[in-house]
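Engineer: Chains A and B, in that order, are what the protein sequence lines are.
In this text, residue positions in the first sequence follow this note's numbering: the first is 1, and each later residue adds one.
In this text, residue positions in the second sequence follow this note's numbering: the first is 1, and each later residue adds one.
Take these hints with a grain of salt, some might be off.
[As the list claims (entries may be wrong)] Examples of chain B residues toward chain A, derived with CB under 10 Å:
#1 F28
#2 T188
#3 Q191
#4 L395
#5 G398
#6 L401
#7 L405
[To be verified] Quick list of the computed label-pair ranges, beta carbon to beta carbon:
#8 L421/B to V58/A: 21 to 31 Å
#9 E247/B to A59/A: 47 to 57 Å
#10 D54/A to H393/B: 48 to 58 Å
#11 E60/A to A15/B: 51 to 61 Å
#12 E60/A to K298/B: 56 to 66 Å
#13 D89/A to P391/B: 52 to 62 Å
#14 V58/A to L401/B: 33 to 43 Å
[As the list claims (entries may be wrong)] Some chain B residues near chain A, calculated using beta-carbon distances under 7 Å:
#15 P379
#16 V387
#17 R392
Since the hints were derived computationally from the structure, they do not count as laboratory data.
Just so it is clear, CB atoms sit at the ideal spot from N, CA and C, and this is done for glycine as well.
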Amino acid sequence: MTGPRRTIVLAFVPSALGREAARVARDQAALTGARVVVVNTTRADRLVDLRWADEQQVAEVVALLRRGGVAHEVRHAADDRLAAEVVLDVAAEVGAALIVIGVRRRSPVGKLVLGSTAQRILLDARCPVLAVPATPPDDALPR
Amino acid sequence: MDNLAALLDGFATVAQPQYLLYALFGVFVGTAVGVLPGIGPAMTIALLLPLTYSLDATAAIIVFAGIYYGGMYGGSTTSILLNTPGESASIVTALEGHKMARLGRGAAALATAAIGSFVAGTIATVALTFVAPVVARWAVQLGEPDYFALMVVAFVTVGALLGSSVSRGLAALALGLFLGLVGTDTLTGQQRFTFGVPSFADGVDVVVVAVGLFAVGEALHVGSRLRHGPVHLVPVERGWRSWMRREDWRRSWKPWLRGTAIGFPVGTIPAGGADVATFLSYATEKKLAGPHRAEFGKGAIEGVAGPESANNAAASGVLVPLLTLGLPTTATAAIIIVAFQSYGIQPGPLLFESQSSLVWALVASLYVGNLMLVVLNLPLVGMWVKVLQIPRHYLYAGILLFGALGSFALNFAPVDVLVLLGVGLLGFVMRRYGYPVAPLVVGMILGPMAEDRLRRSLAISQGDLTTLVASPFAATAYGVMALLLVAGLWLKRRERAAGAVTSGHSSDDTSGHSSDDASGHASDDVSGPASGSEQDAGHDPGSGTRPSHAATSEETNR
Chain A
1 MTGPRRTIVL AFVPSALGRE AARVARDQAA LTGARVVVVN TTRADRLVDL
51 RWADEQQVAE VVALLRRGGV AHEVRHAADD RLAAEVVLDV AAEVGAALIV
101 IGVRRRSPVG KLVLGSTAQR ILLDARCPVL AVPATPPDDA LPR
Chain B
1 MDNLAALLDG FATVAQPQYL LYALFGVFVG TAVGVLPGIG PAMTIALLLP
51 LTYSLDATAA IIVFAGIYYG GMYGGSTTSI LLNTPGESAS IVTALEGHKM
101 ARLGRGAAAL ATAAIGSFVA GTIATVALTF VAPVVARWAV QLGEPDYFAL
151 MVVAFVTVGA LLGSSVSRGL AALALGLFLG LVGTDTLTGQ QRFTFGVPSF
201 ADGVDVVVVA VGLFAVGEAL HVGSRLRHGP VHLVPVERGW RSWMRREDWR
251 RSWKPWLRGT AIGFPVGTIP AGGADVATFL SYATEKKLAG PHRAEFGKGA
301 IEGVAGPESA NNAAASGVLV PLLTLGLPTT ATAAIIIVAF QSYGIQPGPL
351 LFESQSSLVW ALVASLYVGN LMLVVLNLPL VGMWVKVLQI PRHYLYAGIL
401 LFGALGSFAL NFAPVDVLVL LGVGLLGFVM RRYGYPVAPL VVGMILGPMA
451 EDRLRRSLAI SQGDLTTLVA SPFAATAYGV MALLLVAGLW LKRRERAAGA
501 VTSGHSSDDT SGHSSDDASG HASDDVSGPA SGSEQDAGHD PGSGTRPSHA
551 ATSEETNR
């Protein structure tokens with residue numbers, strides 16, 4: 001372990017997919033001895049934001065990382081910017097070697113109507129991005 | 001039984017496919033706005049009024065009845081899952097319901113609320129079916145001074161007893177009475193408070209005022225604290241199919257019936273509609289809980305089942321004075337009166353004869369709407385949670401657009417839109433400083449009617465003021481009012497004293513403000529969590545949870 005420590009940015013959402021991404025990030029970090037920066041944010045512009053983790057959910061991720069013996073840091077705050085911008089800015093700030101995100105299948109209509117945080121991160125990131133798919137039974141819809 | 005025959009005719013009307021669709025639309029919209037804190041049935045009906053002018057009266061009334069009922073169901077969902085009451089009648093539900101949800105029993109809480117609402121709504125509608133015609137027949141005999149007395153009672157109870165502070169409630173009421181005066185005097189043709197503006201000659205339109213207060217005022221309020229503070233999360237909603245266990249049924253059915261028995265009568269008297277009933281029911285359930293009493297405050301199912309039934313039963317009860325006397329006792333009821341008036345129909349004792357088919361179609365639609373709501377609500381809870389995820393700026397931009405469009409469409413006069421903005425600012429200031437909005441709306445609608453009655457009775461008696469108290473009914477009404485007032489104020493003072501001791505909220509100003517604020521978001525029928533009625537919960541943990549819960553609701557939007 002020479003030189004500066006590698007940093008992995010984990011874009012976390014409190015869902016099965018988010019936890020899967022967290023596991024992958026932990027494994028990557030354990031392999032390379034990197035530290036993990038967990039990012040979770042909300043624009044606080046709606047009454048309920050299912051992608052905003054509460055304290056307990058953050059604690060679960062922290063516990064997951066700690067069990068893997070991975071150094072970590074949590075960025076958990078409301079922000080005016082879009083989630084993708086927050087993740088990319090954090091990645092730039094910490095000089096991330098890798099960003100880990102969860103990606104899910106979207107319907108054609110969903111693609112038309114909704115913006116995708118994952119897509120923004122994939123296209124605009126200045127470092128490699130590891131895209132974690134949902135585990136099959138969750139998302140494998142018959143076509 | 002000609003009533004039953006008429007009711008069957010009503011069912012025949014409602015069963016027509018297009019009216020079923022209207023009812024479905026109504027309950028759907030009603031549930032959605034009930035789910036959203038700060039947006040209630042009163043505002044929605046006011047917003048939709050200008051848009052429904054193209055419908056026939058029956059269709060419009062069916063839609064509005066659906067919204068009215070749907071709001072009651074929707075409010076409980078938010079209370080249970082978020083601890084933020086969707087509207088004021090659901091404040092009590094949050095006490096136990098949210099605790100249940102956090103224990104992983106959210107599905108059972110939602111189920112007992114929905115089924116209890118259905119049971120209570122149905123029983124209360126049956127009661128309405130039989131009570132209303134009797135009251136109407138009796139009301140025909142009332143004279144002008146008697147009506148005036150009734151309206152004074154309604155003014156005083158709505159203004160003085162329901163808000164958190166008597167003076168604020170009366171100030172809001174006076175403002176409403178003033179706005180009601182603007183326009184041309186019906187007896188002498190004189191212009192009053194029009195300031196020479198021709199558009200004011202017909203008075204200020206109630207719809208503009210209601211939309212301004214409820215929609216624009218709320219939008220400004222939310223806008224003023226748009227991105228502040230933490231975001232609430234829905235706790236659990238998995239295990240949705242688990243519904244209620246056998247024991248939950250056993251513990252729920254009695255509170256359902258008791259809630260109905262409390263809710264319907266409280267709804268019928270002009271004492272503030274649904275939320276008074278919910279507080280009473282909660283206190284009763286707590287007292288009768290027996291072995292489960294220790295569970296109260298930790299998620300007792302009785303504390304959800306009782307109040308939720310009570311609020312739906314009261315919602316039906318409110319329709320009794322509304323349909324038979326033309327007397328609105330809540331803001332939503334006041335707006336429904338406006339809806340009737342916009343079709344040239346004046347609710348009152350003659351309504352059951354002159355508009356028999358319309359009234360019975362309305363009653364029948366309540367039965368049907370209830371059934372639709374219980375079917376819609378249980379399986380669609382995921383969708384209502386989606387509604388809560390709509391970003392606020394989209395939501396309120398839409399509401400403002402609808403509001404401005406509707407106000408303009410009333411007379412195609414730009415000045416109406418300016419009035420809308422002015423009233424909106426007024427509504428924002430009132431909310432900001434804890435003035436209840438409901439007395440203003442009730443005062444504005446009931447004021448001109450009361451003035452009419454007063455002047456006609458004085459004309460008949462040739463200026464002799466004793467005619468106002470001469471009839472036994474009027475004298476009794478004033479006596480009861482005085483009693484209610486004294487009792488209400490006494491209970492309020494007692495509760496304040498108890499609250500200061502238990503919860504440490506000795507600073508009256510802060511606790512008063514936060515509870516106002518909570519009810520402001522739950523801006524439905526009545527402002528202020530009807531503190532006067534909560535005599536039994538006054539000195540035990542129940543009252544301790546209320547301020548803290550009000551604070552949570554405030555955080556949401558701060």
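Engineer: Does each hint hold? Answer for all of them.
Structural biologist: Each hint tested on the structure:
1. Interface hint status for F28/B: violated, as the beta-carbon distance to the closest one in chain A is roughly 19 Å, over 10 Å.
2. The closest approach between the C-beta of T188/B and any C-beta of chain A is roughly 51 Å, which is over the 10 Å cut-off, so the hint fails.
3. At its closest, the beta carbon of Q191/B sits 46 Å from a beta carbon of chain A; the interface hint therefore is violated under the 10 Å criterion.
4. Nearest Cβ of chain A to the Cβ of L395/B: about 8 Å, under the 10 Å cut. The hint holds.
5. This hint is violated: G398/B has a C-beta 14 Å from the nearest C-beta of chain A, more than the 10 Å allowed.
6. Interface hint at L401/B: violated, since its Cβ lies 18 Å from the closest Cβ of chain A, which is beyond the 10 Å cut-off.
7. This hint is violated: L405/B has a C-beta 24 Å from the nearest C-beta of chain A, more than the 10 Å allowed.
8. Restraint check, L421/B to V58/A: a C-beta distance of roughly 43 Å breaks the suggested window 21 to 31 Å.
9. At roughly 33 Å, the beta-carbon separation of E247/B and A59/A lies outside the given 47 to 57 Å, and the hint is violated.
10. Against the hinted window of 48 to 58 Å, the Cβ-Cβ separation of D54/A and H393/B comes to about 24 Å, which falls outside the hint.
11. For E60/A paired with A15/B, a C-beta distance near 52 Å keeps the hint of 51 to 61 Å intact.
12. Between E60/A and K298/B the Cβ separation comes to about 25 Å, which falls outside the hinted range of 56 to 66 Å.
13. At roughly 21 Å, the beta-carbon separation of D89/A and P391/B lies outside the given 52 to 62 Å, and the hint is violated.
14. For V58/A and L401/B, the Cβ-Cβ distance of about 38 Å falls inside the hinted range of 33 to 43 Å, so the restraint holds.
15. Given the 7 Å rule on beta carbons, the hint for P379/B is violated: about 19 Å separates it from the nearest Cβ of chain A.
16. For V387/B, the interface hint is violated, since its Cβ never comes within 7 Å of a Cβ in chain A; the closest pair sits about 9 Å apart.
17. The beta carbon of R392/B comes within 6 Å of a beta carbon in chain A, closer than 7 Å, and the hint placing it at the interface holds.
Going through the hint list in order, the structure does not satisfy hints 1, 2, 3, 5, 6, 7, 8, 9, 10, 12, 13, 15, 16.
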